[in-house]
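Mind docking chains W, L and Y on chain C? Use the hints.
Chains C, W, L and Y supply the protein sequences, listed in that same order.
Okay, so the first sequence: first residue is 70 according to my numbering, each after it adds one.
Okay, so the second sequence: first residue is 70 according to my numbering, each after it adds one.
Okay, so the third sequence: first residue is 70 according to my numbering, each after it adds one.
Okay, so the fourth sequence: first residue is 70 according to my numbering, each after it adds one.
Honestly, I wouldn't trust all of these hints.
Copies of the same chain are indistinguishable here, so a pair counts whether it falls within one copy or spans any two.
Subject to a maximum C-alpha distance of 20 Å in a straight line, what follows is the list of computed EDC-like cross-link-like pairs (lysine to aspartate or glutamate) [to be verified]: (1) K184 <-> E202; (2) K160 <-> E223; (3) K284 <-> D206; (4) K73 <-> D128; (5) K294 <-> E210; (6) K297 <-> D212; (7) K284 <-> D212; (8) K289 <-> E202; (9) K138 <-> D72; (10) K123 <-> E141; (11) K215 <-> D298; (12) K211 <-> D192; (13) K292 <-> D212; (14) K215 <-> D288; (15) K109 <-> E250; (16) K292 <-> D192; (17) K289 <-> E210.
These aren't lab readings, by the way, just hints derived from the structure by calculation.
Computed from a predicted model, the values in this text were never measured in an experiment.
Here is what each chain is made of, one letter per residue.
4 protein chains.
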Amino acid sequence: MKDKNLIKLKEQAYAANMSIVRHNLVIFTFGNVSAIDRQKGVIAIKPSGVNYDKLKPQDMVLIDMDANKLEEGLNPSSDTRTHIELYRAFKEIGGVAHTHSSYATVFSQALLPLKCLGTTHADYFYGDIPCTEPVPDAAIEKDYEKETGVLIVETFKSLGLDYRHIKACLVGCHGPFSWGESADDAVFASAILEEIAMQNLYTQLINPYVKSIKKTLLDKHYKRKHGKDAYYGQ
Amino acid sequence: MKDKNLIKLKEQAYAANMSIVRHNLVIFTFGNVSAIDRQKGVIAIKPSGVNYDKLKPQDMVLIDMDANKLEEGLNPSSDTRTHIELYRAFKEIGGVAHTHSSYATVFSQALLPLKCLGTTHADYFYGDIPCTEPVPDAAIEKDYEKETGVLIVETFKSLGLDYRHIKACLVGCHGPFSWGESADDAVFASAILEEIAMQNLYTQLINPYVKSIKKTLLDKHYKRKHGKDAYYGQ
Amino acid sequence: MKDKNLIKLKEQAYAANMSIVRHNLVIFTFGNVSAIDRQKGVIAIKPSGVNYDKLKPQDMVLIDMDANKLEEGLNPSSDTRTHIELYRAFKEIGGVAHTHSSYATVFSQALLPLKCLGTTHADYFYGDIPCTEPVPDAAIEKDYEKETGVLIVETFKSLGLDYRHIKACLVGCHGPFSWGESADDAVFASAILEEIAMQNLYTQLINPYVKSIKKTLLDKHYKRKHGKDAYYGQ
Amino acid sequence: MKDKNLIKLKEQAYAANMSIVRHNLVIFTFGNVSAIDRQKGVIAIKPSGVNYDKLKPQDMVLIDMDANKLEEGLNPSSDTRTHIELYRAFKEIGGVAHTHSSYATVFSQALLPLKCLGTTHADYFYGDIPCTEPVPDAAIEKDYEKETGVLIVETFKSLGLDYRHIKACLVGCHGPFSWGESADDAVFASAILEEIAMQNLYTQLINPYVKSIKKTLLDKHYKRKHGKDAYYGQ
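If we strip away everything but chain C, and leave its shape as in the complex, we get (with noise of 0.2 Å):
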């Protein structure tokens, strides 16, 4: 590998998977991050079953957008055709992540959506996040992990959703997804997601009547973060 870009590649894709052991979105080998160079058409994900704690920049694994490998070594993640199928359907993004994250994996669970209940979702999604339904039977044994992303992608389109403002969908009886402009901001979706769920199970559990927020304080918040409008940082 002498190509700089992808050395880069493989760098921000390790740095972001390094990065959700740091903000405890995992145990174990429990989830991966991938991150895409769009003009070479080359994906950089973490490899498969390899422990966080042995894991180097030079491991992670160089594909093509049909996955196969661009170099010897490890295999890369197993839910490398769920990444791929993302990439495909959401031009503009440049990272995903998966994980098993305890909150949210507990509404992927329950086959709930994360319903908007406050400022700290509206902050950062753009609405209630989607749970999918469990993936159906023929696209378990067709090609499994790509009909996973096929599953999220036609998740969206049925429910008129932007991934480009709500950047995660929770796979009923799996775990979430996360999507951004880099590896860096999928993990970052993430992050805030699992504190979103958790925050959420609690409000529900008091308050089992409660609803998602009103429109106009859900555009606030958005917005004052998000888009042309925004007034939020430096």
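Chains W, L and Y only, in chain C's frame:
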């Protein structure tokens, strides 16, 4: 900046902002603390959207009571006008803190007050801690952050509460604001608030019928720590 | 202070006070531990309102059984008279601990005893851990801290409980007190108490119909660790 | 002790015992791990009632399959005979772990199995993890620890479960036992068990109507990691 008092004010605001991280009350940039110099009418507040691990004392933004920046440099927290409104109405406070700490935010989202269920609460807050309604639509459109402060002040007024003895308020669908004689004191109130919110949540889950403690016990605990008959401490 | 035994007593009380921080049983100043020298009738207890990170062994306050200070210096914990009352009634104990640890306090606030739901509990406490009623109004007016101790002792008496085998009590609307052969042993009881309170809470939330374990299992576990037929340990 | 294999066995048992502390599965002395040398019929197990922070590799106790100590020194864990019973019945295992980890113990106390509610579970355990009834009175009187092992084995037999694919069992009113090809593998199963118990608890609290996942999804996830068609890892 040559004024020694204002350098000190920035240092106090900085230290208090960093302590909300140490007390696990924020992740990423979800919070802000300010300190006021009442004589000069100057407030030092966290800059908007800057991560805590990169924050320096000199980054604190100095503003006057109309939110005008007094120095070149970073922009103040987007919640600045809420802080100002609290300083205007609550004449004796020297610091304000705002977090999205997990359990306190849960009660904000559930639109439930923190009832005083035990002496841990009574030792620090003289009665139930209110939760406002969500900011009304007209107020969201007008001057959202200022109106959030107005809402807190109005809530205290309409409930006949004394801000000197109940140093925190939950804002509906948002999260907690707290205050105190200094920025440090405001953060201390936020930290206690988070612990009692946690205890309150689980108390109500295991026994939905609990009521606020009786007045005699509330008086005993609050007054042994505060006021002229206090006998706690040195 | 020249008496070596009393210097040692202060060191024991200090070490035990610091260990409640290490076991995450307190935040800020929410707790206190004491040790007694039965021969001298002298108690060493945490000073009132001093933060743990500033505490030193020599700060421990020496008092007699009437709460008289035996040295110049800091004032004893405001809960001192509760400790004294326990030392008076429970003749064989050498230490007392009081915390506001999260889950144990939840049960105090819920006015619910800690039923013995499993062997984790039965290994250390020989049966349900009672929760007193809140301190009655007349007792609050009279001598609150002393009456808190009286209430614990009366509760044990009326329920026919043996303080040597159930080394803790929840005070209604307040929090846990625990005791043991030494100050360290009292803290150990508080730490176990917090863990079983946590397990008990979630057990009752997931299965509201659970009952205390049967006598045969309670006897087996408690007695393999305690008493003449114990076969646990070295 | 000169036998290099047995020195190594003690080191493996020691390392596995220490790792249950690192994974936050025990407090104080609440747990024990053993390793077996099948050729020699020798087991190395944690000594009874020794704190983890004082444990050394040479403290591990060597016993034969009848629980006879093979060296002078410390006594073996009081749960030794449960381990032996599992080694007898489950011929292919090389290690056993027992903890009182918080969430797994909650399910033991609630007398509820861990239903397989998602792929986090399905990745490691091939189906629901059973909870035994409490040890019957006659068995408590007779040979309690041995009978605890018998109960686990009988429960697996009566439910038609394969210990090689479901590497853990909850003992009613007690806590989890787990096993694996090595002591390390047994601890790994305990750590996964605790995480899925946590996820399972909150899933059932937020949605009491969830059912175990469908067979197709269970098969897909378990078999992509285990068996001849596995494609996970390197």
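Hint-by-hint comparison with the structure:
no.: 1; hint: K184 <-> E202; result: both (16 Å within a copy, 19 Å between copies)
no.: 2; hint: K160 <-> E223; result: within (15 Å within a copy, 48 Å between copies)
no.: 3; hint: K284 <-> D206; result: between (37 Å within a copy, 10 Å between copies)
no.: 4; hint: K73 <-> D128; result: within (16 Å within a copy, 35 Å between copies)
no.: 5; hint: K294 <-> E210; result: between (42 Å within a copy, 16 Å between copies)
no.: 6; hint: K297 <-> D212; result: between (41 Å within a copy, 18 Å between copies)
no.: 7; hint: K284 <-> D212; result: between (39 Å within a copy, 17 Å between copies)
no.: 8; hint: K289 <-> E202; result: between (31 Å within a copy, 16 Å between copies)
no.: 9; hint: K138 <-> D72; result: within (16 Å within a copy, 47 Å between copies)
no.: 10; hint: K123 <-> E141; result: within (19 Å within a copy, 39 Å between copies)
no.: 11; hint: K215 <-> D298; result: between (37 Å within a copy, 18 Å between copies)
no.: 12; hint: K211 <-> D192; result: between (38 Å within a copy, 19 Å between copies)
no.: 13; hint: K292 <-> D212; result: between (39 Å within a copy, 14 Å between copies)
no.: 14; hint: K215 <-> D288; result: between (34 Å within a copy, 17 Å between copies)
no.: 15; hint: K109 <-> E250; result: within (16 Å within a copy, 44 Å between copies)
no.: 16; hint: K292 <-> D192; result: within (8 Å within a copy, 40 Å between copies)
no.: 17; hint: K289 <-> E210; result: between (44 Å within a copy, 8 Å between copies)
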